[in-house]
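Student: Chains as they are written, first to last, in this note's numbering: chain A, 1 to 390; chain B, 1 to 204; chain C, 1 to 624; chain D, 1 to 409.
It should be emphasised that the hints constitute simulated quantities derived from the structure, not laboratory data. Among these hints, one or two may not hold up.
Sample of chain D residues facing chain A (criterion: CB under 7 Å; computed from the structure) [what the hints assert, rightly or not]:
1. Ser-5
2. Tyr-7
3. Arg-14
4. Phe-219
5. Arg-222
6. Lys-299
7. Ser-300
8. Asp-302
9. Val-303
10. Pro-314
11. His-318
Non-contacting residues of chain C with respect to chain A, defined by C-beta distances greater than 10 Å in every case (computed) [said to hold, decoys possible]:
12. Arg-29
13. Pro-51
14. Thr-116
15. Pro-289
16. Gly-368
17. Tyr-401
18. Phe-406
19. Asp-455
20. Ser-522
21. Tyr-536
22. Ser-566
23. Lys-568
24. Thr-612
So the derived label-pair ranges between C-beta atoms look like this [as the list claims (entries may be wrong)]:
25. A:Glu-10 to B:Thr-129: 48 to 54 Å
26. D:Val-73 to A:Glu-170: 33 to 39 Å
27. A:Gln-363 to B:Asn-2: 44 to 50 Å
28. B:Glu-8 to C:Gly-452: 39 to 45 Å
29. A:Lys-239 to C:Val-503: 45 to 51 Å
30. B:Glu-8 to C:Gln-509: 35 to 41 Å
Think of the CB as a built atom: it goes at the ideal place given N, C-alpha and C, for glycine as much as any other residue.
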Amino acid sequence: MNPTSTQTTENFEFLFYPKVVSGQCALENLPTELAGNDAQKPLVITSQAVARNGLTKILVKAFYDSAVVIGAIYDPVLDYAGISQAQQAARLFSERGCDAIIALGGGPVVALAKAVNVLVSERQATLQPYYNGTPIAGPLKPLIVVPSGASDGQEAMPAMTVDNRAIASESLYPGVFVLDGRVTIGDSPSCVAESGAIALAQAFTALTMEAPNPMIDALAHPSLDLLARYLLPAVRRPKDKAAGLAVANAAVLASAACANSGTGSVFVLGEALAAATGVSLGKCLGILLPFAIGALRQSSRPVRDALCLAVAGLEGFAAIPAQERPNKGLEMAAALARELKVALPASLQALRVQHHLLDPVAQAAAQKSAGRFTAAECRAILGRAWEANA
Amino acid sequence: MNTSRYPEIKPGQKWIKRFYLAIMLWTVGKAIPVAAKVDKEVKKEIDKLPNNFTLRLMVLPERAFPPFFYAKMLPAFVADKGLLPYGLQMILHKDKEGKLHYQGADPRGKKFDLSMAFKSLEAAMMVFTFRESSPTGYAHDRFVVEGYLPNATIFMRVLDIVQVYLLPKLIARLAVKRYPSWSEMSPLKKHINRIIIYVRAFTF
Amino acid sequence: MKTIAGSNNRILEINLSTQQFHESAIDPRDRELYLGGKGLGLKLLYDRMTPGVDPLGEHNMLALCTGVLMATGAPCSGRFEAVTKSPLTGIMATASCGGPFGMALKTSGWDGLILTGKAAAPTYLVIDSQGVQFKAADGIWGQDTEAAQEKLLEEGKGAIVIGQAGENLVRFANIRSGHRFLGRGGMGAVLGAKSLKGIVAKGGEVRIAPIHKERFSKINKRLGRSINRNPVTSGSFRYYGTNANVHLSNAAGILPVRNFTGGSHGEAHKVSGETMAEQFKTTWDTCKPCLIKCGHRGTINGQSRPIPEYETVGLLGTNLEIFDPVVISEWNELCGQYGMDTITLGGTLAWAMEATEKGLIQTDLKFGSPQGVSEMIARIALGQGIGQDLAMGSRWASKKYGGEDFAMHVKGLELPAYDPRGAVGQGLAYATANRGGCHLSAYVLALEAFFGMADPYALRWKPYMVKFFEDVYAAVNSLHICHFTAFAVELEPLLIKLSPTFVVKILNQNLSPLALNLMDLSFWPELWHAILGKRYIPYLSMLKFRKAGERVHVLERYMNTREGISKKDDTLPRRLLTEGRRCDSEQHTVPLEPMLEKYYKIRGYDADGIPTPRTLQKLGIAVK
Amino acid sequence: MLLPSFYDFCCRVRTLSGINALEQIPMQLGRMHASHPMIVSDKGVGAAGLIDKVIQALGDGLKIGAVYDQVPVDSDYKVVDDAAKVYRRNGCDAIIAIGGGSVIDTAKGVNIVASLGGDTLLAYEGFGAVKHPLRPLVVVPTTAGTGSEMTLVAVIADPDRKIKMLFPSYFLLPDLAVIDPRMTLTLPDFLTASTAMDAMTHACEAYFCLEKNPLSDSFALRAIQLISQNLLNVVKTPGDLHGRLALANASAMAGIAFSNSMVGMVHNLGHTVGALCHVPHGVAMSIFLPYGLEYNLGKSADVIGELLFPLAGPEAFHATPKKERPAKVIAHLRQMNEALHAATQGKHPRCLKEITGRDGAQLVPRTLLPVIAEAIMLDGARLTNPEEFLPADALPVLERAWEGMPLGH
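Starting from the given sequences, assemble the full structure and let the hints guide the process.
Tutor: Printed below as a string of structure tokens:
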């Protein structure tokens, strides 16, 4: 870590809003968490995949011997959060007289839950006003997230992406995250690897941002540390409860850290690529990350020791000579990202991304980055990722 | 969309676990007053509690099941076991003379100076199957304390000792932080007390 | 006039950038393996194109191929095929058309032509037996298809042209020839990007004669007879056009209503073929030569107009909750002038209407009201305002504005007017069709929903049925002969004709291969063999013919996987997977997953939907 | 950093930190739709001129509804009700608390009554009584130590029943914690030392006590590092703004850490001597901390050994073999106390017997030790100490701490 003088010269701001409950029979805390928010009847929103894996049954079991009645389990969500399903769920919510929302799953499920929450709390028929920039008044109904193995990195952020459009608002923070090994197991190696890649990208972004912020570091540190320990085992054995739980924890923390640090270059690039090709964000990031890190190593931008500390751990960090730490940190991070190759395609070419798309993607990313980096830089990274030579 | 595809779900009951916990609570409840008589350590702790003091150990949610007016029809020996009507409860009362009594599981018309509530059935199971010692349970927020915290710590100390008496060493080790050594409790005394407690707890 | 026996096997390769052309011959082996038409076109591009090129760039190629049957006088054989990489879907697109251009091209002595490069200025091509002349198209650039075509036809017997839509790179612009269209996949935009307004072929320079004349004419007559015997080809289609399907679909609950939320509608009869036939006093207006004569014209508001096809009625009509045949035919005409695919346009408009309703975009479009539709069609064709976005198709638009779950497309190609929730086999066919949401890849729903020859909801043998018809139709498109002859060819042979429907149905549910083998397909291969003078071995040659179809289909699939297609793309609009129809009390959805896995197995694809090397090698496709 | 079998973590406090963080309060309040805050504080803070500093920093961005600076050292529910009345009378819509633990707790109490209605706090006693969001609460800590700006519990006395009421609820977490070194600039050196050591204790105990978890560990590590790097400098050069800020940040992060992973026997002893002999909290902490670590060596030596990393820096950590680290940690802390003792001309005591009241008399007479030992049973922190801790165990610890000798085994 840097000498404090540089760490505290500038002002910083920090917020880690959601409460995290993680571990053995964490699910059984749900009734108490609901009661703590004065709620008795939650609407559960989840995806077909989750339901198919029988996780909804586990959730229901967790409510046994409690005063809670589950308003409904709305489970037709696929891989997309859209207004039409949000409207249906909102209708269920009001018909059953629910007073809280539980999102069982990750990515689109959480986004949808947030959308439903806005619809029912703000009494709106559509999200149109918010697309047009109307702020969400809030406070919204209590929202509890029970993440599954798959995450898109937006769960713990004060934002939602519904119908491919992002809406940001303080009131979109979920109140509680309940992580339980029975639920956080992954479907397949690739699905774990994808959420791992996203978490990795976010934690990396947080730990390498220019303006140092001890609290964001403190938040991103355990995330990256957990990933370094558990990601590979989780990818190898997706049904391993302990590893799965650890990765899910890392994902939540990374996402929360990213909410403070802002999305970094690699993330913007990945999103642009995913949008253009229809390949999932996780795959894109998994491929891009090593090359993005490589690009950072070549650039002269200073990198803080926090990164090295997080990925190397106390012992490892102490063993590395002081001046080598920043570089070593990047190296190890890149190595960690490269390990995902066991479950993800090695290059964009292997993914059969059409070559003529790379230029427009690079431009789109550069445009979205608001001048933080140029199209040329993006194109260079994409080019290397396409042929997969670092 | 026809909403019948997404029915309302009323969660059920885990009967076996309820039954197990009911027995445990009942046993502990009966054992503590006896222990308070035979073991000076326990006595010392109990004395720290103010007189005319009612405390309870329970499992949330506290609710009548089946509702009260049915419960009234149930024979007392069912009700007192805390099996059915009032959720799972163990009520102890320290009277004016400072004697401790077990008062079954019926909270009606009682006012509690201290009540410790397990957040959920599973949380109670964690502790009462000794997967978590009571301090760990406390650290993991398995139960919430209502009332004056120092009294709670006293009560938990009492629980520890009583567990040492009730359980074979192998299990008791898991239940307490540090198993009492020679200095604190001589094996002979321990075994004698243990027998007394068992006999008196289950006879009258 | 020079007479050519069999087929003249000459391909004309044109480079628009360099304004040069050269001739190349068709490898006899390719002719054996890929028959002609679609199959040959795909093979030619497979040999010449590299994956990952920009569909609107100069490296994209467009092949126009005729089949062996063309110009031999075989019934319903006046069709040619176009193959290219589609700007709408980003993968291979094939389209078939019955316009006069095919005949003209073939009788100018060419079996097909391949376009590549990009002209510097607007151009049109004149083709004769000698080759190509490149002519400046300044005069006709910007004109609608009808005017432009008239101008071109002064120089030849058959032409293809694009309209303003094609010039403005509307991703679903089509190519016109006569009154028929190369409809789907946005081939118009490909020509537009090459700034090629049209091609005219002189025609009438050579005559094509089959090698085994008498055998050919014998089969010809027999086929003709069974076409005239079949109730569809000689009945409903002949007198009411494809529109006759409206009643059938409505009854089966597979008619798209209100962007695929309905399934059937009380007012559907207003737009059925029967109604239109008597309301508009329809007469025939068909491809040549044709026996079925499904194409019709009628006098609407005093002027003679083409009667919209079923797909047009379904997607520009019922799917927008519009039941006025007059406005539908107006829009149909409009699309014809601009040169736009009515199916994709309809699907996109439906999406726009629902998106407006759900507050995702602001337009004045509304379900059930014709207000502003024709204006929107114009804005799309001319790329004005939000029309620019809709001109990219519903996939692109929904990516930008949201509403992907009700954008009714597969692989970017909008669904035709059959709702697979009432015929799950068709659902699988949509998901696996090579060019995207396409009903002509395997028309299983005819058995499921129309003829009652298969249970619409039984899953067991659907993958097999889909594969069977995919192979057959791929082969049919390579002959090349009209799809609708299938009704006659497949259903007229004695065996199937005599066996009662319920038996066929039971067979299809339990042992589909048996049921489908009752259909004797020998007409098609026999014609092909007769023309090329090859020896026809009963049954075996038919199997070889089906094998060729399989080869064509798998080749196209393989080319698509090189463009990034995999299992993730073999899916259906989320609405079909999660929501039930309003007309259906059991709220059926399409159980795609199980069918898909089985389908991959029998197709010889791996779990991710990529053809395995073994499969390719078995079919004699060289891996690249 | 291994994942514990179970943990929960919550610190939904927006933290503003920096040389001129105070100036941002109006903007932040506006974000929460509040424009009319009441300032809660105590006489000492007022006397030190901190209230004026804050008001001045707020500028005319927003209008102060009222200033209530009557909070006593250990405040009770009557004060709370009183302040709540003031809040209502002036139609305030937010609270700014300026001060230490007691002020902040009071402000939390006031917020309950002010937001949920009713006219006395007693109505909300007991667990889970507060289950709705409250009005915005801004906290400006003036001692870089207590870390109570990050805790979810309000401890408020009930003089009639002679008990301390606990109000634990996540809605009691402040909405905004403003960490500005100007608030601690005037702190005398020995107070700086003891409060910083208080924070140090929070961090250390958070790191080795039962409910430790990756997050609390990470915050604790950084807190310890900041303190050990800055404390001595600040005590020597009190004007060092950056150092002050570092300590303030450290205290906040230590607060985050310990409020999510319980504290142990050090606090247990500290609370007890505080209650019985009125020993200042920080002082007690700095004295007992080495003993706490030493006592728990049996159960968690490895964890304690890791503390050497933030205390002495990575190089020293790497240089020391694993076995010797715990001893090194304890030695390092003792020596830190020595250094502070020297730097404050002996105003920072090293052992119990050195603690003196204003009149110079010993605060902890040796005869009292057995009583203290018995009294530890009354404190909850006992439970979360890794090692069992009973009066019998406490007595030797106390005696050694009185003498200032290491515990030894």
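Student: Decide, hint by hint, whether the structure agrees.
Tutor: The hints, checked one at a time:
1. Nearest Cβ of chain A to the Cβ of D:Ser-5: about 5 Å, under the 7 Å cut. The hint holds.
2. At its closest, the beta carbon of D:Tyr-7 sits 6 Å from a beta carbon of chain A; the interface hint therefore holds under the 7 Å criterion.
3. Because the beta carbon of D:Arg-14 sits about 4 Å from the nearest beta carbon in chain A, less than 7 Å, this interface hint is met.
4. Hint on D:Phe-219 holds. Least Cβ distance to chain A is approximately 5 Å, under the 7 Å limit.
5. Checking D:Arg-222 against chain A by beta carbon gives a least distance of about 5 Å; that is within 7 Å, so the hint holds.
6. A cut of 7 Å between beta carbons decides the hint on D:Lys-299: the least distance to chain A is about 20 Å, and the hint is violated.
7. Among the interface hints, the one on D:Ser-300 is violated; its C-beta lies about 15 Å from the nearest C-beta in chain A, farther than the 7 Å criterion.
8. Of the supplied interface hints, the one on D:Asp-302 is violated, with its beta-carbon coming no nearer than about 11 Å to a beta-carbon of chain A, more than 7 Å.
9. With a cut of 7 Å, the hint placing D:Val-303 at the interface with chain A is violated, because the nearest CB-to-CB distance is about 11 Å.
10. Given hint, D:Pro-314 at the interface with chain A, holds; its Cβ is 4 Å from that chain's nearest Cβ, closer than 7 Å.
11. Among the interface hints, the one on D:His-318 holds; its C-beta lies about 4 Å from the nearest C-beta in chain A, closer than the 7 Å criterion.
12. The Cβ of C:Arg-29 sits about 29 Å from the closest Cβ of chain A, beyond the 10 Å cut-off, so the non-interface label holds.
13. Non-interface status of C:Pro-51 relative to chain A is broken: a Cβ of that chain comes within 10 Å, the nearest being about 7 Å off.
14. With a minimum CB-CB distance of about 16 Å to chain A, C:Thr-116 clears the 10 Å threshold, and the non-interface call stands.
15. The Cβ of C:Pro-289 sits about 41 Å from the closest Cβ of chain A, beyond the 10 Å cut-off, so the non-interface label holds.
16. The claim that C:Gly-368 lies off the interface holds: its Cβ sits roughly 18 Å from the closest Cβ of chain A, which is beyond the 10 Å cut-off.
17. A Cβ of chain A approaches the Cβ of C:Tyr-401 within 10 Å, the least distance being about 7 Å, so the stated non-interface status is violated.
18. Distance check for C:Phe-406 against chain A: the nearest CB is about 6 Å away, which does not clear 10 Å, and the non-interface claim fails.
19. Once the 10 Å rule is applied to beta carbons, C:Asp-455 is consistent with being away from chain A; the minimum gap is 25 Å.
20. Every CB of chain A is more than 10 Å from the CB of C:Ser-522 (nearest about 40 Å), matching its label as outside the interface.
21. With 10 Å as the threshold on Cβ separation, the claim that C:Tyr-536 sits away from chain A holds: the shortest Cβ distance comes to roughly 41 Å.
22. For C:Ser-566, the condition that its CB be more than 10 Å from all CB atoms of chain A is violated, with the nearest at approximately 8 Å.
23. The beta carbon of C:Lys-568 sits about 7 Å from the closest Cβ of chain A, which is not more than 10 Å, so the claim that it is off the interface is violated.
24. Every beta carbon of chain A lies more than 10 Å from that of C:Thr-612, the smallest distance being close to 16 Å; the non-interface claim holds.
25. A hinted range of 48 to 54 Å for the beta carbons of A:Glu-10 and B:Thr-129 is consistent with their spacing of about 52 Å.
26. The beta-carbon spacing between D:Val-73 and A:Glu-170, approximately 36 Å, falls within the hinted interval of 33 to 39 Å.
27. In this structure, A:Gln-363 and B:Asn-2 meet the distance hint of 44 to 50 Å, their C-beta atoms being roughly 46 Å apart.
28. Taking the beta carbon of each, B:Glu-8 and C:Gly-452 are about 40 Å apart, inside 39 to 45 Å as hinted.
29. The beta-carbon spacing between A:Lys-239 and C:Val-503, approximately 48 Å, falls within the hinted interval of 45 to 51 Å.
30. The given range of 35 to 41 Å is respected by B:Glu-8 and C:Gln-509, whose C-beta atoms sit roughly 37 Å from each other.
In this structure, the earlier hints numbered 6, 7, 8, 9, 13, 17, 18, 22, 23 are contradicted, and the remaining ones agree with it.
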